[in-house]
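Protein sequences, first through last, are from chains A and B.
FYI, in the UniProt record's numbering the residues of the first sequence are 1 to 236.
FYI, in the UniProt record's numbering the residues of the second sequence are 1 to 224.
Keep in mind that the hints are not guaranteed to be accurate.
[Said to hold, decoys possible] Listed next, with one range per pair, are the computed distances between beta-carbon atoms: (1) B/ASP33 <-> A/THR7: 50 to 56 Å; (2) A/LYS111 <-> B/ARG79: 44 to 50 Å; (3) A/ASN54 <-> B/LEU100: 24 to 30 Å.
[What the hints assert, rightly or not] Away from chain B, derived, C-beta distances all over 10 Å, residues of chain A: (4) THR7; (5) ALA90; (6) ALA129.
[Claimed, not checked] When the alpha-carbon atoms are kept at most 27 Å apart in a straight line, the in silico BS3-like pairs for lysine-lysine are as follows: (7) B/LYS101 <-> A/LYS66; (8) B/LYS32 <-> B/LYS86; (9) B/LYS203 <-> B/LYS57; (10) B/LYS86 <-> A/LYS66; (11) A/LYS27 <-> B/LYS195; (12) B/LYS86 <-> A/LYS27.
Calculated from the structure, these hints are not laboratory results.
C-beta atoms are modelled at their ideal positions from N, C-alpha and C, and glycine is treated no differently.
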Amino acid sequence: MTHSNNTEHDVVVELLPWYVKNTLNPKEQMRVAQHLSSCSECQQELGLYRQIDNVNLGTSNTPIWKPSPVQFANILQGIDALETKAATAATETTKVAKTPGLFAKLSAWLKALPGPVFWIMSLETMAIAALVMLVVGRLPQQLPGGQLFETLSNERPSVTANLPRLHIVFAEDITEREIRTLLQTQQGQLVEGPSMLGVYTVQLAAGGVQEQQAIINLRANAKVKLVEGIAKVDQP
Amino acid sequence: MVRITGQKKDNKELPASGEAYEALLMQRIASKDREAFESLYYDYTPRIGSFMMKLLKSPELVDEAINEVMMTVWQSAERFDPALGKLSTWLFGIAHNKALKLLERQRRHWREQTVEAEDSELNENEWEEVNAESATVDPDNPERTVLGWELGEILVWAMDRLSPEHRIVLELVFTENYAYQDIAIITDCPVNTVKTRMFHARKKLADLLAKRGYSPYDLQEGHS
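Sequences are here, hints too, so could you generate the full structure?
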């Protein structure tokens, strides 16, 4: 079979299932009927669709499903559970939103105080805050004698006095007490270190042990691995 | 909280049927009226349940799907717009989505269970080919009628071997009497896709029938 108008055939053949079921609009229904009268291929297609329609798509061997009170009760139970959960979540959210924070509680408490008490408390609070700021502001890590203790990792170690200074490396098994004794006998003070290589900087006290003597003394100690003097640097 | 009434209640405040009934019913469900919800359950789920039985083949799965459909209705009733279509079309749209999800779950389960499924991807065509493998018979074999393979049964057998997408469009046309415009709404795809799916479903059916020794000529009116 050849079609004088393939486009018309293509359109109609797609509409055949709905033509069988009479669910096309009247215009489409008529269009299909007209084409069918002269198209054997579409007539054959129509036969297949009518057969499918007659078979009723397997209702014969498909178990029937029916609604049941038990199932509906289960559905309602599911809804109850869902709504209870949603209500609980909403209540908890509200509780959290309504629970005042520490600042809000403090504000409320202050507002509840009589006027004079409120002002006295406010002044006290401000005084305490000022004191704290003063103490904190005066807390640079200064060593006795006005020396700052800084690590060698600082890019620009500060030089605070024109005093002899030594680089010193201690043995690994030296104790803190031994270091303290060593430094005390040489009137020295740790001002920097340790570096990544374990080097400390010791500054000798003004008018104390001479630099060369201190180096000799320290080198004589078995717990000192290395001592070298550092060239003096003038204060800026 | 839960009532087991056992029967659908006569809801005298609602109109008997039609668009006004559907609109009012859904308004009441949207305002969490459980009697209206119960009316909808008994009025609409028998049809949806039968549709799903043909796709899912298992009463337990249909129960699960209906539960999900009803929960969706309860939670989204206000989204029903009578101007966009009938209530049944809206419900079939929800049911269609749930059924496809359950079918996909089934397919995944089968894949996991089947050790021989070496090339695990079972696409639409493979679905039909796998199901049709055992179908090939000699067209001239007289046993085809002796064994009771009459045309109607062959068609039912062939329908069961179509992909869900093809089966759904056939069911919606021939069992549920939906126009193609409604099917486009239910399956959420363009009208042309509905027509194309129908065309391919018919082609697959013809192929399956051929494997059982029938030609489309056998199906012409007055021939079977």
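Going through the hints against the structure:
no.	hint	verdict
1	B/ASP33 <-> A/THR7: 50 to 56 Å	holds, 52 Å
2	A/LYS111 <-> B/ARG79: 44 to 50 Å	holds, 48 Å
3	A/ASN54 <-> B/LEU100: 24 to 30 Å	holds, 28 Å
4	THR7	holds, 14 Å
5	ALA90	holds, 15 Å
6	ALA129	holds, 54 Å
7	B/LYS101 <-> A/LYS66	holds, 22 Å
8	B/LYS32 <-> B/LYS86	holds, 21 Å
9	B/LYS203 <-> B/LYS57	holds, 24 Å
10	B/LYS86 <-> A/LYS66	holds, 22 Å
11	A/LYS27 <-> B/LYS195	holds, 18 Å
12	B/LYS86 <-> A/LYS27	holds, 23 Å
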